[in-house]
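Undergrad: So the chains spell out like this:
There are 2 protein chains.
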Amino acid sequence: MDPLQRLRERMAELADLGALDMLATWDQLVMMPSGGAEARANQLGALAQLAHERATGEEIGEWLAALEVAQLGDLDRDIVRVARREWERSCRIPADLAAERSRAHAEGQESWRRARANDDFAGFAPALERNVGLARQYGECLTQCGTGPYQELLAEYDFGLETAMLRELFSALGAALPPLAEQVRAHSPRRQLAVPVDVQHTAVRNTLRRVGVDQQGWRLDVAPHPFTAWIGRSDTRLTTRYSDGNVESLLSSLHEYGHGLYERQIDPALVRTNLGRGTSMSIHESQSKLWENHVARSPAFAEVLAGELEGAGFPLAPADLHATLTAVEPSLIRVSADPLTYPLHIILRFELELAMIEGELAVIDLPAAWHDGMQRLLGVEVPSDAQGCLQDIHWGAGSFGYFPSYALGCLIAAQLWEAMESELGPREEDLRRGEVGPIKAWLAEHVHWYGRRLDTIPLIRQATGRSLDIEPFLRYVAPLAARTP
Amino acid sequence: MDPLQRLRERMAELADLGALDMLATWDQLVMMPSGGAEARANQLGALAQLAHERATGEEIGEWLAALEVAQLGDLDRDIVRVARREWERSCRIPADLAAERSRAHAEGQESWRRARANDDFAGFAPALERNVGLARQYGECLTQCGTGPYQELLAEYDFGLETAMLRELFSALGAALPPLAEQVRAHSPRRQLAVPVDVQHTAVRNTLRRVGVDQQGWRLDVAPHPFTAWIGRSDTRLTTRYSDGNVESLLSSLHEYGHGLYERQIDPALVRTNLGRGTSMSIHESQSKLWENHVARSPAFAEVLAGELEGAGFPLAPADLHATLTAVEPSLIRVSADPLTYPLHIILRFELELAMIEGELAVIDLPAAWHDGMQRLLGVEVPSDAQGCLQDIHWGAGSFGYFPSYALGCLIAAQLWEAMESELGPREEDLRRGEVGPIKAWLAEHVHWYGRRLDTIPLIRQATGRSLDIEPFLRYVAPLAARTP
Numbered sequence: 002m003d004p005l006q007r008l009r010e011r012m013a014e015l016a017d018l019g020a021l022d023m024l025a026t027w028d029q030l031v032m033m034p035s036g037g038a039e040a041r042a043n044q045l046g047a048l049a050q051l052a053h054e055r056a057t058g059e060e061i062g063e064w065l066a067a068l069e070v071a072q073l074g075d076l077d078r079d080i081v082r083v084a085r086r087e088w089e090r091s092c093r094i095p096a097d098l099a100a101e102r103s104r105a106h107a108e109g110q111e112s113w114r115r116a117r118a119n120d121d122f123a124g125f126a127p128a129l130e131r132n133v134g135l136a137r138q139y140g141e142c143l144t145q146c147g148t149g150p151y152q153e154l155l156a157e158y159d160f161g162l163e164t165a166m167l168r169e170l171f172s173a174l175g176a177a178l179p180p181l182a183e184q185v186r187a188h189s190p191r192r193q194l195a196v197p198v199d200v201q202h203t204a205v206r207n208t209l210r211r212v213g214v215d216q217q218g219w220r221l222d223v224a225p226h227p228f229t230a231w232i233g234r235s236d237t238r239l240t241t242r243y244s245d246g247n248v249e250s251l252l253s254s255l256h257e258y259g260h261g262l263y264e265r266q267i268d269p270a271l272v273r274t275n276l277g278r279g280t281s282m283s284i285h286e287s288q289s290k291l292w293e294n295h296v297a298r299s300p301a302f303a304e305v306l307a308g309e310l311e312g313a314g315f316p317l318a319p320a321d322l323h324a325t326l327t328a329v330e331p332s333l334i335r336v337s338a339d340p341l342t343y344p345l346h347i348i349l350r351f352e353l354e355l356a357m358i359e360g361e362l363a364v365i366d367l368p369a370a371w372h373d374g375m376q377r378l379l380g381v382e383v384p385s386d387a388q389g390c391l392q393d394i395h396w397g398a399g400s401f402g403y404f405p406s407y408a409l410g411c412l413i414a415a416q417l418w419e420a421m422e423s424e425l426g427p428r429e430e431d432l433r434r435g436e437v438g439p440i441k442a443w444l445a446e447h448v449h450w451y452g453r454r455l456d457t458i459p460l461i462r463q464a465t466g467r468s469l470d471i472e473p474f475l476r477y478v479a480p481l482a483a484r485t486p
Numbered sequence: 002m003d004p005l006q007r008l009r010e011r012m013a014e015l016a017d018l019g020a021l022d023m024l025a026t027w028d029q030l031v032m033m034p035s036g037g038a039e040a041r042a043n044q045l046g047a048l049a050q051l052a053h054e055r056a057t058g059e060e061i062g063e064w065l066a067a068l069e070v071a072q073l074g075d076l077d078r079d080i081v082r083v084a085r086r087e088w089e090r091s092c093r094i095p096a097d098l099a100a101e102r103s104r105a106h107a108e109g110q111e112s113w114r115r116a117r118a119n120d121d122f123a124g125f126a127p128a129l130e131r132n133v134g135l136a137r138q139y140g141e142c143l144t145q146c147g148t149g150p151y152q153e154l155l156a157e158y159d160f161g162l163e164t165a166m167l168r169e170l171f172s173a174l175g176a177a178l179p180p181l182a183e184q185v186r187a188h189s190p191r192r193q194l195a196v197p198v199d200v201q202h203t204a205v206r207n208t209l210r211r212v213g214v215d216q217q218g219w220r221l222d223v224a225p226h227p228f229t230a231w232i233g234r235s236d237t238r239l240t241t242r243y244s245d246g247n248v249e250s251l252l253s254s255l256h257e258y259g260h261g262l263y264e265r266q267i268d269p270a271l272v273r274t275n276l277g278r279g280t281s282m283s284i285h286e287s288q289s290k291l292w293e294n295h296v297a298r299s300p301a302f303a304e305v306l307a308g309e310l311e312g313a314g315f316p317l318a319p320a321d322l323h324a325t326l327t328a329v330e331p332s333l334i335r336v337s338a339d340p341l342t343y344p345l346h347i348i349l350r351f352e353l354e355l356a357m358i359e360g361e362l363a364v365i366d367l368p369a370a371w372h373d374g375m376q377r378l379l380g381v382e383v384p385s386d387a388q389g390c391l392q393d394i395h396w397g398a399g400s401f402g403y404f405p406s407y408a409l410g411c412l413i414a415a416q417l418w419e420a421m422e423s424e425l426g427p428r429e430e431d432l433r434r435g436e437v438g439p440i441k442a443w444l445a446e447h448v449h450w451y452g453r454r455l456d457t458i459p460l461i462r463q464a465t466g467r468s469l470d471i472e473p474f475l476r477y478v479a480p481l482a483a484r485t486p
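Protein chains in written order, with my numbering: chain A, 2 to 486; chain B, 2 to 486.
Simulated from the structure, these hints should not be mistaken for lab results. Don't take every hint at face value.
Unchecked claim - So these bits of chain B aren't anywhere near chain A, every CB distance computed over 12 Å: (1) LEU51; (2) GLY175; (3) GLU429.
Stated by the list, open to error - Derived list of chain A stretches under chain B, where covered just means 3 residues or more per stretch with a C-beta under 8 Å from a C-beta of chain B: (4) 7 to 17; (5) 215 to 226; (6) 295 to 306; (7) 435 to 449.
Even for Gly, the Cβ is constructed at its ideal location relative to N, Cα and C.
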């Protein structure tokens, strides 16, 4: 058989296995009785091992070699280009390093869980040190032309991002945001809005229905840590969470919708190829942040959301809802941070993980560095490591290079939103009526359609005419900081 | 590595892939938005192909050869014995025949769907003929020592069953049941009981809770065709269906519970081996039928069920409920048949599929043969092929040899029930109080524990001291036939 055909079949198989992994993970977090945990770990393990074997087989190298001289159409050329890139990267990782990392990540997560529960950083330090060491080794295996190990770790989530560029962006952002945060510090904003869960539930369903979430192709369920699963192009599963104490569900459901919409609007020709999913973590996060920050947190859409809450039995003024959804207050915990200070949490993590990987920060000095960073960037005192450097699972799980995408998502969302409004005109009137069709169409055309054919930076350039830039985000947060409470 | 170790790892992998297949199928039937169908077909296809490849690899033959001379413990000897049997069977099937069958089955199901909708047997005949021909070829590839192709088709579902034995059993049963059915023909039993769906829902949940269905290890959902999925030893997913017009949900949920309980009570040492699931279709069906016929349809347990219905707001006399759950009336459609006439539907399908596979019945003559058989066995006139030989999907899907398990399940359940009562004493008093602990323990010890270490007939012999026998079932149905309405 034709090597292109074989390569495409293998990519289709890997796409199917990836979808099954996502299904099994979704089920685990949403449907599975707790008794299923042990069996599920085995099932996911078997799937991961099989997928790894099929993704790294020598036969792929033979097909790629045969395809070097082939005449290919545009799409096939992209398929082969990305396949070669990934296969070559995987071949540079020794099998025993891969196995050792996967053990260390599993053990690291357990160690982190115990350490956080007991506020015991010292108990976690050896596992973290092992993870840092293995991540550095991993990055070094992939390093070419002096890119450095951290850049290669980034590349696992965001191919083509450069450490130097992130340093520069985050340093500028880290200088610009704290004064804005300081400015609102004097306010004591009202951030709680006690909307009963059943009211939120109705409002969320109806709001999602407005933006196109139908029963034929979507599900909405509850999960303790909201996420989205795309099991098939027309099988998107959003999750959110409800609490009587706040209206996070309104933001979180639209955030997840952004992830889901991205995957659904990719060119159907890319389905079951290696290009048929979102191109990177930062672009994915930009899609969720666009719906969370620029739609759900806009004053115009607050009228729609308030209308839905009122329809479900909780009347309130749109301006009050908007104030609640955009209240700013520097705080300790990343996942509950406001839209202005959120990137500061990420900048801190970026600085620290980069320093650990590059050997400039010893693991044992992490708590002190965290404490200083929180003081410098957010002006808050860290009362304990559990609420400090132990709050996130990522490093315990060996994920280095992942954090930046959270802040990049905020930046890219703002940049895309400006580009879109400069092309389509202000979205305010449309949003007031809950009309999001043109937004969806613009995103489809400029971002979603390409799948993985364009990496992060080329995609941003094509959609906005510029490289990544912090100014649009600063323009987005300025009014939040300036506003009186 | 040790060949035993390798074999066990492969079996564990196949068990994990099997569980993922079950999860993906459960999700498809219970949770998936309809838009996910196309992607799911690809995912299940990829999984099936991978599992087939891993189950038939040449390396397995090498491990088995190395193990021929090994000293093994009892459990390992069974693992190797069953692995060898399955691997050798799979090697006798040419790859192109396997592929051709899988295409023919997919196309046959589509053809069947159209034909049933249009009551058009002639439209289905070519697909059926192809399926019959391929099934015969398949059986012939496996045939050794003159067993005949049908027996090998049976072996796919029930290893060790002999065609001659089934002929004999079903012929005796086909002679004994029609006079009993005739006897109740004069009655006009009241079979409908319009219990509102929400009442049934509560009663079903509470009844299942009584028999041990907790939230930690079980789920209960709704499916158009109830089934059970065992994703892990402590992750069992029952389904049932509700209708305002009848109380089928009470029977169906306990039926599915029987399937689920079987898989949960297998020796934990067999988990992730090739022995860690129910041994055959007929034993599986015997477990569901035992809970459906001998528990849910018993006069004693009717008191529990009536109590649960009353607790949910629908008071009725236990005797009335029992009469409804056991009313007998010969009818056209297998899936809604009563407990007495149900096996007659199966006997007809067995006779016809055996005759088709053995070339004694031409596909084109099937409708006439069906018509005659329904008249002879059930005394009913068949008004259309849609309500006749087109009613079941099995032959369209290429499943020959599967039907007998439905009747065998009824027989084996009755036989096990008698053996259990002769050991434990009558269950009546316990059932009246909803106490099923001793039943579960007896089934665990005599049936479930063995997984696939014992095939159908040896298992029945061990549990009951006899081979398969129709008398217990006849003793079970006699009072149903004799009863005045």
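Undergrad: Does each hint hold? Answer for all of them.
TA: Checked hints:
1. LEU51: With a cut-off of 12 Å, LEU51 (chain B) comes too close to chain A, as the shortest Cβ separation is near 7 Å.
2. GLY175: The claim stands: GLY175 (chain B) keeps its Cβ more than 12 Å from every Cβ of chain A (closest is about 42 Å).
3. GLU429: It holds; GLU429 (chain B) is separated from chain A by about 32 Å at its closest Cβ, greater than 12 Å.
4. 7 to 17: holds (count 3)
5. 215 to 226: It holds, with 5 qualifying residues against the three required.
6. 295 to 306: Since 0 is below three, the answer is violated.
7. 435 to 449: As far as the region 435 to 449 of chain A goes, the hint is violated, because 0 residues have Cβ atoms under 8 Å from chain B.
In this structure, the earlier hints numbered 1, 6 and 7 are contradicted, and the remaining ones agree with it.
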